[in-house]
Each structure stands twice: as structure tokens, then as C-alpha cells.
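Undergrad: Residues per chain, in single letters:
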Amino acid sequence: MRSLSDEEILFPEIVINNITILPWTFDKLFKLNTSLRKLSKCVECINSLTTNVKYIDVLKLLSFINKDISRVMCITLNCSEKDVLEFDLYTGLKILVTIYFQNINIINSKKSEKKGATLSLGDVFSTLISNNIGDSIEDLKSNYTIDQVYMFYEKCRKNELSEQKRNAVTLAHALVYASPSHDRNSMRKKQNMWDKYINSLEPRKAEKPSSKNIINVFRMMGIPVVKKEVNK
Amino acid sequence: MKDKEIFPEAKVGDIIIRPWKFGVLFKISSFLEEILDKMEAKNVNIETVDGFVPYTTIARIFTMASDSILKIIAITIEKPEEEIAELDMDEGLEIATIIYNQNTERIKKIINEIFIEKVEDEKSE
Numbered sequence: 090m091r092s093l094s095d096e097e098i099l100f101p102e103i104v105i106n107n108i109t110i111l112p113w114t115f116d117k118l119f120k121l122n123t124s125l126r127k128l129s130k131c132v133e134c135i136n137s138l139t140t141n142v143k144y145i146d147v148l149k150l151l152s153f154i155n156k157d158i159s160r161v162m163c164i165t166l167n168c169s170e171k172d173v174l175e176f177d178l179y180t181g182l183k184i185l186v187t188i189y190f191q192n193i194n195i196i197n198s199k200k201s202e203k204k205g206a207t208l209s210l211g212d213v214f215s216t217l218i219s220n221n222i223g224d225s226i227e228d229l230k231s232n233y234t235i236d237q238v239y240m241f242y243e244k245c246r247k248n249e250l251s252e253q254k255r256n257a258v259t260l261a262h263a264l265v266y267a268s269p270s271h272d273r274n275s276m277r278k279k280q281n282m283w284d285k286y287i288n289s290l291e292p293r294k295a296e297k298p299s300s301k302n303i304i305n306v307f308r309m310m311g312i313p314v315v316k317k318e319v320n321k
Numbered sequence: 005m006k007d008k009e010i011f012p013e014a015k016v017g018d019i020i021i022r023p024w025k026f027g028v029l030f031k032i033s034s035f036l037e038e039i040l041d042k043m044e045a046k047n048v049n050i051e052t053v054d055g056f057v058p059y060t061t062i063a064r065i066f067t068m069a070s071d072s073i074l075k076i077i078a079i080t081i082e083k084p085e086e087e088i089a090e091l092d093m094d095e096g097l098e099i100a101t102i103i104y105n106q107n108t109e110r111i112k113k114i115i116n117e118i119f120i121e122k123v124e125d126e127k128s129e
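First to last, the sequence lines map onto chains A and B. Residue 90 is where the first sequence starts when you use our numbering, and the numbers rise one by one after that. Residue 5 is where the second sequence starts when you use our numbering, and the numbers rise one by one after that.
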């Protein structure tokens, strides 16, 4: 299973013959649950395919094309069963393969699903709503693909953790700043340190290292840096 | 149109055999499953000769799973089962062979084109 890039998750739609195919939302996954469970043998067959497809594989795959497959297609494409049955062979199979690959991670992770996962959907949805992503649970369930929900959740958690880290660093700086100073020099140094730290939080005010500072860093590591003569 | 050019319909006597549409797959899948189960039980393999399944293999499968094959033929040529049962052996076998070769080769090509390509993509990334 390969991980998708942010761009692939944000813009996942694939169009085949004017039919737009989007990866599943949680709402669709809940509706498809029973059908997907019944199709586990089909998934196993697909996963065992190699580049050298044999006639027997073709027959096996065709034998799985049943009511559950048409239900998966109808719910995924928001269309009627009649529409699905009217696809030509190439379009129908291409759409089916696209649906499989768009949701491959979910389909295969469902197969290896274990009870007692620490992360509940409630945690995920409440984190997103508290970060103003999605208006309601209904909105997150129906209008965001599953990959999008998890991507945004990871980003929210990442932001939360870096904020906590920043708070800890600020607290450490504040403790140094507020500690008693024994002379004016030490007081000035602490004031400078504090000012530098506060400025570093604002990108526009963040201090850029001068060339002299960079040369000094190299010299401290034992790497001599000399000015290069330029021939005119 | 493209399909018609590449996979023209075949004719056996007055019977026209057209390649399957996507919707047909939903009607025949359960019968295919029955055939596969019977083939597995009797250890029959489909091995191709020059890209086609030999007449003798089709005949063996025919004797094992005639009921299911009859149903698939009826759905494919859109005629009642009774009418097909009335056909003579040679004609019936010829129709079954045409249906098999007309569709499996085509579906194999489609699967190779759209499925294997994606599997390779997934593996290479």
C-alpha cells in the first residue's frame, strides 16, 4: 500500500466518459459495509493477481460481478442500477478498477481491521470540528473523503503538538527572563535573549544569520573559510 | 462503435452472437461461479493453444456444467433456454466456443490494459 501525496488526497476525482469518480466518504463506507464484507473473496482474488493474467483469473474475476458490485458502483457514483448495467464493457470495467484503486487502502485495511484501535472516529471528528474543518459531523461524513478526513486530522494533531512544543520553549525562555539578575550585564543579556526569542516568533522580524556568523560557525567546527580572490 | 469494429458479432446459422455488455456480467456471474466450482472439483484447467481454448476442453466443460452453460448462452444470445437445448451438439458447442473466445480474450485485454498497468504503478511508487 502506498501513501498518497497531499495533492492526490485534496484533488482525487477521476473522470471516465464524463462520469466523475471520487474516493469514498465515511457516509458511503458505512452504506457499503455489508457489501464490502461479502466481497472479501473478490478482494483476495484481485490482490493475488500478477502481471500475467490467465484465463482462469478472468473467469474468477467475472464470477464476482454480482449485486454487491453493482451496489458499490451505484453508491460510489450516486447513480441507479439501471445506469450501471448500461455501461459498455470497457467503461464499466474501467470504472470498477478505478473505484478499487481509489479506495485500495481502505479496502485492504478493512480486511486487516483489528478491534480495540486507539483512535476513535469521535476523536477524529471532534478534533476537526474544533479546528473549524467541517461544519458538523454530517458534513465531515458526507462531504470529505476518508483520506481527506485523516489527512486534516493528522495536520491538526501536528499543529497541536508544535504549539505545545512552542509553549514549552516560551515557558523556558520566560523562566530565564524572569529569574533574578545579579548585575546590569546579565539583565541586558536576558532582555536581549527574550527580545530575540519574541522576534523569532514573527517571521518578518526573525533574524537572518549574517555571512560573518556563518563563517564563524564553520571556523568553530575547524573548517577554515577564506575569501576567494576574484581575477578581474 | 469502436467495439463493433474490433469485435464484430458472429453468426451461427440464424443466431447472432454479440460480445457481452457490462450489464450481462451481472446476469452470468453466478453461472460462471457454478462452472468454476465444477471445474475445480474435477481438476479441469483451461490451457490455451495459440491463444485459444481447445474445442476438446470446451466440450469437457460442457459435459460437466451444461446447465450453467445453457443459461449463459441463453442470456448472451437473448433466446429462451428451450430453444438452445433444441440445437444440435455441434452448433451448441460452436456457439459456446465463440462466446468464450469472443469475450474472455477481450476482457483479458481490458484487464491487462487498465488493471495491470495500475498494479505496476502502485508497485513502482
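These aren't lab readings, by the way, just hints derived from the structure by calculation. Among the hints, a few may not be true.
[As the list claims (entries may be wrong)] A partial selection of chain A residues facing chain B, derived with a Cβ cut-off under 8 Å:
#1 ILE154
#2 ILE218
#3 ILE222
#4 ILE226
[As the list claims (entries may be wrong)] Pairs of lysine-lysine, DSBU-like flavour, derived with a Cα cap of 35 Å:
#5 LYS143/A with LYS75/B
#6 LYS46/B with LYS120/A
#7 LYS156/A with LYS112/B
#8 LYS130/A with LYS83/B
#9 LYS15/B with LYS127/A
#10 LYS83/B with LYS285/A
#11 LYS301/A with LYS83/B
#12 LYS156/A with LYS25/B
#13 LYS42/B with LYS31/B
#14 LYS120/A with LYS247/A
#15 LYS230/A with LYS42/B
#16 LYS75/B with LYS46/B
#17 LYS127/A with LYS83/B
#18 LYS31/B with LYS316/A
#19 LYS25/B with LYS171/A
#20 LYS15/B with LYS317/A
#21 LYS230/A with LYS15/B
#22 LYS15/B with LYS120/A
#23 LYS143/A with LYS117/A
#24 LYS120/A with LYS31/B
#25 LYS247/A with LYS112/B
#26 LYS143/A with LYS15/B
#27 LYS143/A with LYS127/A
#28 LYS113/B with LYS285/A
#29 LYS117/A with LYS113/B
#30 LYS117/A with LYS112/B
#31 LYS127/A with LYS25/B
#32 LYS156/A with LYS31/B
#33 LYS149/A with LYS46/B
These figures come from a predicted structure and were not determined experimentally. C-beta atoms are modelled at their ideal positions from N, C-alpha and C, and glycine is treated no differently.
Undergrad: Now, for every hint given, state plainly whether the structure supports it.
TA: So, going through the hints one by one against the coordinates:
{"no.": "1", "hint": "ILE154", "result": "holds (4 Å)"}
{"no.": "2", "hint": "ILE218", "result": "violated (33 Å)"}
{"no.": "3", "hint": "ILE222", "result": "violated (28 Å)"}
{"no.": "4", "hint": "ILE226", "result": "violated (32 Å)"}
{"no.": "5", "hint": "LYS143/A with LYS75/B", "result": "holds (24 Å)"}
{"no.": "6", "hint": "LYS46/B with LYS120/A", "result": "violated (39 Å)"}
{"no.": "7", "hint": "LYS156/A with LYS112/B", "result": "holds (22 Å)"}
{"no.": "8", "hint": "LYS130/A with LYS83/B", "result": "holds (32 Å)"}
{"no.": "9", "hint": "LYS15/B with LYS127/A", "result": "violated (39 Å)"}
{"no.": "10", "hint": "LYS83/B with LYS285/A", "result": "violated (87 Å)"}
{"no.": "11", "hint": "LYS301/A with LYS83/B", "result": "violated (90 Å)"}
{"no.": "12", "hint": "LYS156/A with LYS25/B", "result": "holds (16 Å)"}
{"no.": "13", "hint": "LYS42/B with LYS31/B", "result": "holds (19 Å)"}
{"no.": "14", "hint": "LYS120/A with LYS247/A", "result": "holds (31 Å)"}
{"no.": "15", "hint": "LYS230/A with LYS42/B", "result": "violated (44 Å)"}
{"no.": "16", "hint": "LYS75/B with LYS46/B", "result": "holds (21 Å)"}
{"no.": "17", "hint": "LYS127/A with LYS83/B", "result": "holds (32 Å)"}
{"no.": "18", "hint": "LYS31/B with LYS316/A", "result": "violated (81 Å)"}
{"no.": "19", "hint": "LYS25/B with LYS171/A", "result": "holds (13 Å)"}
{"no.": "20", "hint": "LYS15/B with LYS317/A", "result": "violated (86 Å)"}
{"no.": "21", "hint": "LYS230/A with LYS15/B", "result": "violated (52 Å)"}
{"no.": "22", "hint": "LYS15/B with LYS120/A", "result": "violated (44 Å)"}
{"no.": "23", "hint": "LYS143/A with LYS117/A", "result": "holds (33 Å)"}
{"no.": "24", "hint": "LYS120/A with LYS31/B", "result": "holds (23 Å)"}
{"no.": "25", "hint": "LYS247/A with LYS112/B", "result": "violated (46 Å)"}
{"no.": "26", "hint": "LYS143/A with LYS15/B", "result": "holds (27 Å)"}
{"no.": "27", "hint": "LYS143/A with LYS127/A", "result": "holds (24 Å)"}
{"no.": "28", "hint": "LYS113/B with LYS285/A", "result": "violated (66 Å)"}
{"no.": "29", "hint": "LYS117/A with LYS113/B", "result": "holds (31 Å)"}
{"no.": "30", "hint": "LYS117/A with LYS112/B", "result": "holds (30 Å)"}
{"no.": "31", "hint": "LYS127/A with LYS25/B", "result": "holds (24 Å)"}
{"no.": "32", "hint": "LYS156/A with LYS31/B", "result": "holds (9 Å)"}
{"no.": "33", "hint": "LYS149/A with LYS46/B", "result": "holds (16 Å)"}
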